[in-house]
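Turn these sequences into a full structure, and let the hints steer you where they fit.
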Amino acid sequence: MQQVASFAVERTAYLNADGTCAERLPAFAGDRDELVRLYRSMVLTRTFDAKAVALQRTGRLGTFASSLGQEAVTVGIGAAMRPEDVLVPSFREQGAQILRGVTLEEIFAYWGGDERGSDFAGPREDFPICVPVGTQAAHAAGVALAFRLRREPRVAVCVMGDGATSKGDVYEAMNAAGVWRLPLVFVVNNNEWAISVPRSKQTAAKTLAQKAIAAGFEGEQVDGNDVIAVRAVMERALAMARDERQPRLIEALTYRLSDHTTADDARRYRDDKEVSERWKAEPVGRLRGFLVARDWWSKGDEEKLLADCAREVDAAAEAYLARTGQPATAMIDHVFAELPAAMEGQRAAIAALGARAGGEGR
Amino acid sequence: MTALTMVEAIRDAMARAMEEDPDVVVLGEDVGHDGGVFRATEGLVERFGEERVIDTPLSEALLAGLAVGLGAQRMRPVVEFQFDGFLYPAIDQLVNHAGRLRNRTRGRLSCPIVIRAPYGGGIRAPEHHSESPETFYAHMPGIRTVIPSTPRRAYGLMLAAIRDPDPVVFLEPKRLYRAVREEVPDDGEALPLDQCFKVRDGTDVTLVGWGASLARILEAADLLAGEGIEAGVIDVATLKPLDAGTILDAVRRSGRCVIAHEAPRSYGPAAEIAALLAGEGLFSLLAPVERVTGFDVPVPLPRLEDHYLPDAERIAAAARRLMGYR
Ligand SMILES: Cc1ncc(C[n+]2csc(CCOP(=O)(O)OP(=O)(O)O)c2C)c(N)n1
Ligand SMILES: [Mg+2]
Numbered sequence: 001m002q003q004v005a006s007f008a009v010e011r012t013a014y015l016n017a018d019g020t021c022a023e024r025l026p027a028f029a030g031d032r033d034e035l036v037r038l039y040r041s042m043v044l045t046r047t048f049d050a051k052a053v054a055l056q057r058t059g060r061l062g063t064f065a066s067s068l069g070q071e072a073v074t075v076g077i078g079a080a081m082r083p084e085d086v087l088v089p090s091f092r093e094q095g096a097q098i099l100r101g102v103t104l105e106e107i108f109a110y111w112g113g114d115e116r117g118s119d120f121a122g123p124r125e126d127f128p129i130c131v132p133v134g135t136q137a138a139h140a141a142g143v144a145l146a147f148r149l150r151r152e153p154r155v156a157v158c159v160m161g162d163g164a165t166s167k168g169d170v171y172e173a174m175n176a177a178g179v180w181r182l183p184l185v186f187v188v189n190n191n192e193w194a195i196s197v198p199r200s201k202q203t204a205a206k207t208l209a210q211k212a213i214a215a216g217f218e219g220e221q222v223d224g225n226d227v228i229a230v231r232a233v234m235e236r237a238l239a240m241a242r243d244e245r246q247p248r249l250i251e252a253l254t255y256r257l258s259d260h261t262t263a264d265d266a267r268r269y270r271d272d273k274e275v276s277e278r279w280k281a282e283p284v285g286r287l288r289g290f291l292v293a294r295d296w297w298s299k300g301d302e303e304k305l306l307a308d309c310a311r312e313v314d315a316a317a318e319a320y321l322a323r324t325g326q327p328a329t330a331m332i333d334h335v336f337a338e339l340p341a342a343m344e345g346q347r348a349a350i351a352a353l354g355a356r357a358g359g360e361g362r
Numbered sequence: 001m002t003a004l005t006m007v008e009a010i011r012d013a014m015a016r017a018m019e020e021d022p023d024v025v026v027l028g029e030d031v032g033h034d035g036g037v038f039r040a041t042e043g044l045v046e047r048f049g050e051e052r053v054i055d056t057p058l059s060e061a062l063l064a065g066l067a068v069g070l071g072a073q074r075m076r077p078v079v080e081f082q083f084d085g086f087l088y089p090a091i092d093q094l095v096n097h098a099g100r101l102r103n104r105t106r107g108r109l110s111c112p113i114v115i116r117a118p119y120g121g122g123i124r125a126p127e128h129h130s131e132s133p134e135t136f137y138a139h140m141p142g143i144r145t146v147i148p149s150t151p152r153r154a155y156g157l158m159l160a161a162i163r164d165p166d167p168v169v170f171l172e173p174k175r176l177y178r179a180v181r182e183e184v185p186d187d188g189e190a191l192p193l194d195q196c197f198k199v200r201d202g203t204d205v206t207l208v209g210w211g212a213s214l215a216r217i218l219e220a221a222d223l224l225a226g227e228g229i230e231a232g233v234i235d236v237a238t239l240k241p242l243d244a245g246t247i248l249d250a251v252r253r254s255g256r257c258v259i260a261h262e263a264p265r266s267y268g269p270a271a272e273i274a275a276l277l278a279g280e281g282l283f284s285l286l287a288p289v290e291r292v293t294g295f296d297v298p299v300p301l302p303r304l305e306d307h308y309l310p311d312a313e314r315i316a317a318a319a320r321r322l323m324g325y326r
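These protein sequence lines map, in sequence, to chains G and P.
Residue 320 in full-length UniProt numbering sits at position 320 of the first sequence, with consecutive numbering throughout.
Residue 274 in full-length UniProt numbering sits at position 274 of the second sequence, with consecutive numbering throughout.
Calculated from the structure, these hints are not laboratory results.
In this text, all values refer to a predicted model and were calculated from it rather than measured experimentally.
Don't be surprised by glycine CBs; every beta carbon is placed ideally from N, CA and C.
One or more hints might be untrue.
[Stated by the list, open to error] Every beta carbon over 10 angstroms from chain G, so not counted as near; a handful from chain P, in silico:
#: 1; residue: E20
#: 2; residue: V37
#: 3; residue: P57
#: 4; residue: L62
#: 5; residue: P89
#: 6; residue: P133
#: 7; residue: R253
#: 8; residue: L282
#: 9; residue: L301
#: 10; residue: R303
#: 11; residue: L304
#: 12; residue: R320
#: 13; residue: R326
[Said to hold, decoys possible] Which residues of chain P face chain G? A partial, calculated answer using Cβ under 7 angstroms:
#: 14; residue: S59
#: 15; residue: A225
#: 16; residue: H307
[As the list claims (entries may be wrong)] Cβ-Cβ distance ranges computed for the label pairs, FRET-style:
#: 17; chain 1: P; residue 1: E50; chain 2: G; residue 2: Q3; range: 48 to 58 angstroms
#: 18; chain 1: G; residue 1: A348; chain 2: P; residue 2: T2; range: 45 to 55 angstroms
#: 19; chain 1: G; residue 1: D333; chain 2: P; residue 2: G43; range: 39 to 49 angstroms
#: 20; chain 1: P; residue 1: E219; chain 2: G; residue 2: E318; range: 31 to 41 angstroms
#: 21; chain 1: G; residue 1: A341; chain 2: P; residue 2: E219; range: 51 to 61 angstroms
#: 22; chain 1: G; residue 1: A22; chain 2: P; residue 2: T2; range: 33 to 43 angstroms
This is the structure we're talking about:
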């Protein structure tokens, strides 16, 4: 008998939970401004998140999926991507979206039940949030195939949860990425839960990263609560995808500190003790500890940042709440490039319903 | 006896069936200790254990395919799909396998399975959580499509669906899950899977619907009664196979029919019923058949949802138009 294949999965981590660091840091970590940018993005994401939950609790936003505790994953992705790359997200990537120029008001609008929230003024080619779990993986393969066919030095970045890796379509997309060597980076945001189903009930595989190996490309793990590590592995993966047409899968190890969404009550299925334990490793305090230890961050900086983020988020929330609704006909005006003549009667009926209700939707 | 909501009645029916028949198993995402996202399986894992109430990995294609295999092995899986919008991957398995395994094997193998999913709008849900896909399933040969509209009917129809020897798609109007309570005796009595329910008598016009639309239809019937128009109401409940007799009977007496559903208009189930009336019912019609439906658009996000969903006023207005014909 001979051994015909073997594999290893590596894990990258720099910062310890207390903000000290274990390994030699990547070059960008020597740049205070860059680290402050990452820190600011994480704080902004968390501030946005808290506001969104508060708005939902008071009936002013729909169901919302928080990214509390996962800010380093989403910010690390957004910070490493180039503007011309394309983000194909699931539904917990607010941090990456914000860094790519999706406005806070647009994100509020989306979760507030308004389609205009997916008409990003900023990243025009990024995909909107994807709710049907895992279905976006093949879209990312399609986007990457287009880049390849047109010889464009761009990369598609597909983000999904740990639960999504159980879906066939995700594996199908990985298989295509492998066989065609697509410029595509898959990020598995492993927050250990898929609603009430723990990672251990999702797959018997030791890592999610190794799923890439079956598809013929490399998978690796990264400490997803260490934004320096996430940014570093993303940067490397993006460069390899862009320059060498090597797809890659990054499994980011993090933890969902919030309920699944505002419609969920995680205490039904998971121990509060587990959650408080995991708070100790959360990413924002970790980077702050590092910045403070370097003397790169003062109490004053912190206070100012918190105030700035609160102001920015509040202003976006105000703008969102003050938006006028769409006319009822907006539901039919974007279904086809041009309204087929056969649907004009339906449009008139919708317009009449709108008029009956006194004009605009909520 | 306590009054139950629809979601509790469905849970009781599943529990009853599990009690009666060890081959009944429940599968789905989060159906175990979470009790399902709508709590339809609440308490079942505690009562029947993790071998009969199975949390699956996240994959709807898997769920549907597992059901086919389990069914072929004479088990009776009741599979929960978390939302209407995530039921689409099951279509492949339902069309290509569940609906034809019996036929392909001349009866040697079969699929006594129940595919459950909450469906429809009206709860201000996120994208892909407000779909009304009943047409797809009703269109598939070999698949029954059932939609309850009250707790009692949900109980009886669910029991029937589980006991039925063939695949049943059971769509549950999530908007009505907790809307009303009703006495639901846990008596193990199933309801027929091929009979409409005559919910209200009225000989001026017949209002036909199912699921959450039925509540809107009943409101419309009240509005109309206030105007001296007596509207009869039929809950179709079993869309496929369709109980043509009950609908034709009612329309023979009223001569007028309004059909309401949340699903998009074109090729929706109302078209099937209208075709029935245009055929066998033609000579009893005093007026054209009216359809009050969703539009041919993806169901809008919550802000515009109310303009999409048929409401009592739209249904009543259609009935009034028909009263203009004599
Ligand atoms: C195809 C599909 N099935 C079910 C759901 C309902 N649902 C929403 S999120 C979720 C769990 C997702 O878990 P994971 O992939 O780990 O992502 P996370 O929510 O943890 O970010 C489920 C089952 C869905 N949105 N899409
Ligand atoms: Mg997860």
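Hints, one by one, checked against the model:
Listed as a non-interface residue, E20(P) keeps its Cβ farther than 10 angstroms from every Cβ of chain G; the least gap is roughly 28 angstroms. Once the 10 angstroms rule is applied to beta carbons, V37(P) is inconsistent with being away from chain G; the minimum gap is 7 angstroms. Not every CB of chain G lies more than 10 angstroms from the CB of P57(P), the least distance being 4 angstroms, so the non-interface label is violated. In this structure L62(P) is not separated from chain G by more than 10 angstroms, as the shortest Cβ-Cβ distance comes to only about 7 angstroms.
At the 10 angstroms boundary, the C-beta of P89(P) falls inside the reach of chain G, the nearest C-beta of that chain being 8 angstroms off. With 10 angstroms as the threshold on Cβ separation, the claim that P133(P) sits away from chain G holds: the shortest Cβ distance comes to roughly 13 angstroms. For R253(P), the non-interface assignment is confirmed: its Cβ lies about 29 angstroms from the closest Cβ of chain G, beyond the 10 angstroms cut-off. Every Cβ of chain G is farther than 10 angstroms from the Cβ of L282(P); the closest lies at roughly 24 angstroms, confirming the non-interface assignment.
Consistency note on L301(P): stated as away from chain G, yet its beta-carbon is not over 10 angstroms from all of that chain's, at 4 angstroms minimum. With 10 angstroms as the threshold on Cβ separation, the claim that R303(P) sits away from chain G is violated: the shortest Cβ distance comes to roughly 5 angstroms. At roughly 4 angstroms, the least C-beta separation between L304(P) and chain G is not larger than 10 angstroms, which violates its mark as non-interface. Residue placement check: R320(P) keeps its beta carbon more than 10 angstroms from all beta carbons of chain G (closest about 15 angstroms).
Every C-beta of chain G lies more than 10 angstroms from that of R326(P), the closest at about 25 angstroms, which supports listing it as non-interface. Using the Cβ-Cβ criterion of 7 angstroms, the hint placing S59(P) at the interface with chain G is satisfied: the shortest such distance is roughly 5 angstroms. With 7 angstroms as the threshold, the beta carbon of A225(P) stays out of range of chain G, its nearest partner Cβ sitting at about 22 angstroms, so the hint is violated. With its C-beta approaching chain G no nearer than about 4 angstroms, H307(P) sits inside the 7 angstroms limit, and its interface hint holds.
Between E50(P) and Q3(G) the beta carbon distance is about 37 angstroms. The supplied range of 48 to 58 angstroms is therefore violated. At about 48 angstroms, the CB distance of A348(G) to T2(P) agrees with the hint of 45 to 55 angstroms. Between D333(G) and G43(P) the CB atoms are about 47 angstroms apart, so this pair conforms to the stated range of 39 to 49 angstroms. Our hint of 31 to 41 angstroms for E219(P) and E318(G) holds, since their Cβ atoms are close to 37 angstroms apart.
Taken as a hint, the range 51 to 61 angstroms is violated for the pair A341(G) and E219(P), whose Cβ atoms sit roughly 34 angstroms apart. Roughly 59 angstroms separates the CB atoms of A22(G) and T2(P), a value that falls outside the hinted 33 to 43 angstroms.
The structure fails to meet hints 2, 3, 4, 5, 9, 10, 11, 15, 17, 21 and 22 from the earlier list, while all remaining hints are met.
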